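Undergrad: Okay, here's what each chain looks like letter by letter:
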Amino acid sequence: MQSRALIFDHSRTGRSASAQHPHDVKADVPSHLQRKRRPALPEVSELQAVRHYTRLSQLNFSIDTHFYPLGSCTMKYNPRASNQFAMLPEFLGRHPLGPASVGQGFLACMYELQEMLKEVTGMKGVSLTPMAGAQGEFAGVAMIRAYHRARGDLARTEIIVPDAAHGTNPATATMCGCTVVEIPSLPDGDIDLEALKQAVGPKTAGIMLTNPSTLGVFERRIQEVARIVHEAGGLLYYDGANLNAILGKVRPGDMGFDVIHMNLHKTFSTPHGGGGPGSGAVGVNQRLLPFMPIPVVGRDGDRYRWLDERDLPQTIGRLSAFMGNAGVLLRAYVYMRMLGRAGMQRVAEFSALNANYLLARLKQAGFDAAYPGRRASHEFIITLKRQARDLNVTAMDFAKRLLDYGFHAPTTYFPLLVPECLLIEPTETEAKEDLDAFVEAMIAIQREAEQDAPKVKGAPYTLPVRRLDDVRAAKQLDLTYQSAAERGPS
Amino acid sequence: MPFIPHTQDDVAAMLAAIGASSIDDLFEEIPAALRTKSLAGIPEALSEMEVGRLMQSRARQDGRPLNFIGAGAYEHHIPAAVWAIVTRGEFYSAYTPYQAEASQGTLQLLYEYQTMMASLTGMQVSNASLYDGASALAEACLMAVRAHRKSKSARILVPATLNPTYLQVSRAITEGQNLAFDVLPYEPKLGTTQQSGLTAYTGQDITAVVIQQPNFFGQLEDVDAITDWAHANNALVIAVVNPLSLAIYKPPGEWGAKGVDIVVGDGQPLGVPLSSGGPYFGFMTTRMEYVRQMPGRIIGRTVDLDGKQGFTLTLQAREQHIRRSKATSNICTNQGLLVTAATIHMSLLGAVGLEQVAASCQHQTRKLVEALTKVRGVTLAFNGPRFHEAVLQLDRKVDDVLEQLAARGIVGGFDLSRRYPELGNALLVCATEMRSDEDIERYATTLAEVMK
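Sequences listed follow chains A and B, in order.
The opening residue of the first sequence carries number 369 in this note's numbering; numbering runs sequentially from there.
The opening residue of the second sequence carries number 44 in this note's numbering; numbering runs sequentially from there.
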């Protein structure tokens, strides 16, 4: 097997980056608790490690290097200033359990972040502690459960989820001990209200909704949805995955939602970091205030302090060892201060402009919109059903070929109910000429598909690897490297 | 317009292509009554320079006090190279590696990470991270319930010497799933789990036993005996460990006769700054037989169409985006960037470097305990071996002492008196390799002044 070196391949017994070692002292460990054999960590020089990981980084696509129109993920520019100011030595060096008297600067940022998030979402309280969107969802559903239980309404254990929802929604409901009731979407992308009316009842704890939905369209009858669910005694949960589409234009609180989570790593531009960290701050209306996850930053006069279970005795509890992803929160705070009031509204405006422009151009080029009669929100869906049927070239093939053209692929095969779909989200930070270049690439791939389908199906060709054998990966599990010595005689 | 590249000409051309007369038209599907009127509570925009000034002043307000708290987050030296590479845009601004061909850098790094963590903990497989140590324990408890099909009780035994926040978090996260947590008492003189507390459960249906090593007090538990008791009683064992400590202490995969079943902990000591509590990362390793019960992402090595080595997300049928309501967890985004830091950190330190850091922490803590217990009114709570934390008992209220120390630029430790009232005025202190002999001397002198 031809292979790129692993860090372990650079390892030689006795080599080390010794500038990183403190003075040599001997550990004092009772023999029955001692480690007898050293862990198989690489033995490399500092330069070898730096070069290895720098080279690995260069194998990635990223926002800083490529247009990354990954639908539902809001891959917009992550301002460098957010990183720099969150990494000031005082913030980095602060211990989370230090007294509030030596954390007033940090706490002031957190308090103001809570206040700004309340304002842009129309909610009454915000807790910053959930560490990612899925944990925010967990907090939201747990609060809904706690609310019903506090009222003695113990039968409410069903969570309604539209069929287009993110997988985290049903997974979260299960994790909270609820059962999931799925309702269909109509051909125009809106929720089937008749099905919703059938689904609600005395067992309904609540509904989880993304608006605009994962179908890339705004749920126009949201007030009607809210009325139906509230009249049945349920609460409304807003999944903030698509908040970028409506920032400053319409607030979840005004739409009738009782609880929301926000993905600060999407809407408020903190980095995705190759899979995290995120931050899933939650917002609640008046009736869920007592149940918020702790800690929350409170203010007494001009002093800030953490509120805990003594202040919020009905809290659903703690979700992290300390207070969530503090450094991510600082980055979101810096971003919001740089956007300001007007900038916040421009997020929705220009993300919608970019999405609708890209949709118009792709339609004009002959691609099929999944919801042709609808405005795009900040994202939209192209279906390649026709290409798959006539040319045997699928959405996955287009996605892989786009990589050769220097574009990260859009989200593929999600939402599951649109066949051969590409969910495309350009975000507001992309320039028109980059959108135009993407359209040209799509047109070129369409032409290739018509003239030389195997070429598209064999893509990518220019990346560090070609298409990978996922079946082999799952069947012949190779999850850790073993040196020849560890593998033993073959 | 901050971060928006559009010129007026662009906007006009784009609206023309769309067939809309204004940007506002694009929002016509939102009912008019719902449209936001103003965002009066949001301040006007600041320039980067102005935000910088604000953040600098906030940071200055917090200062840089001398820190002696551990309690789950530890101040270590981080090689300069670590964050210089971590913050490269190619790592920093990439997404979850769904498009494997365009994410080989992140994927290979995660595979290397899995290898390092498996070896460090003495287990066979690792996932690619969870949120933090506390939520990783919650996930481990849920995983134990899934993995241990013969146990019907969903009863988990946890020592009172477990980080109390970890128990709080585990309770909160598993609340809807009917797990029962029973707390095991500790030896008042030793600060380690009482064997008799454990044997009281002999013969009962226990799903899992949790062991924290070193425990929350910094003391070392008799991990072999607890592991063997648990296995003899058909319970799984979940280890909660400080990964740095494993450079010198026996890895959980070798505890007792058979080794533990699941290992979790917070990866923060491996290259992640304290940063007010996060982002850190949770790690989890286990036996190969339980890999399909693991939550979170897992990376596998495979080959491409040309037979060339490549890396990809694998066993995705466990995950929420495939399995939805039947997934092993709802986790999606994890803590990838922090794992990037830890992987580079472990490569730079190596086994010998980590061993020296761990030894140095233990050494400085011994000096700290010696210096502080010379102060009148300060005594050591527990005998027995410890790593890099210790419980001290004071002759007066801890929070008053801590406030006075803070006013003198010293963050003196974690006040245990609320969590462990039976210990009286108890203070948990920590010295890592970052605390010099002069730092320790300064703390002792200042404490003596405060406790005069």
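I should point out that these hints are in silico values taken from the structure, not numbers from a laboratory.
One or more of the hints may lead you astray.
[Claimed, not checked] Pair by pair, the computed Cβ-Cβ distance ranges are: (1) B:Leu77 x A:Leu657: 16 to 24 Å; (2) B:Pro464 x A:Ser413: 49 to 57 Å; (3) B:Gly420 x A:Glu854: 35 to 43 Å.
[Unchecked claim] Stretch by stretch, here's where chain B covers chain A in the computed footprint (C-beta under 8 Å, at least three residues): (4) 565-577; (5) 603-611; (6) 617-628; (7) 754-767; (8) 804-816.
The structure presented is a predicted model; accordingly, all values stated were derived computationally and were not measured.
In this text, a Cβ means the ideal position worked out from N, Cα and C, and glycines have one as well.
Undergrad: How about the stretch 617-628 of chain A: do at least three of its residues have a C-beta closer than 8 Å to a C-beta of chain B?
TA: With 5 residues closer than 8 Å to chain B, the stretch 617-628 of chain A meets the three-residue bar; holds.
Undergrad: Measuring from beta carbon to beta carbon, are Pro464 (chain B) and Ser413 (chain A) in 49 to 57 Å?
TA: 52 Å, holds
Undergrad: For the stretch 603-611 of chain A, do at least 3 residues have a Cβ located nearer than 8 Å to some Cβ of chain B?
TA: Not satisfied, violated; 0 residues make the cut.
Undergrad: Range first: 16 to 24 Å. Now tell me if the beta carbons of Leu77 (chain B) and Leu657 (chain A) are that far apart.
TA: 23 Å, holds
Undergrad: Against chain B, does the stretch 804-816 of chain A show at least 3 residues with beta-carbon separation below 8 Å?
TA: Not satisfied, violated; 0 residues make the cut.
Undergrad: When I compare C-beta atoms, does the stretch 754-767 of chain A have three or more residues closer than 8 Å to chain B?
TA: violated (count 1)
Undergrad: Taking the Cβ atom of Gly420 (chain B) and the Cβ atom of Glu854 (chain A), is their distance within the range 35 to 43 Å?
TA: 53 Å, violated
Undergrad: Given as covered by chain B, does the stretch 565-577 of chain A meet the bar of three residues or more with CB within less than 8 Å?
TA: violated (count 0)
This entry does not satisfy hints 3, 4, 5, 7 and 8, going by the numbered hints stated previously.
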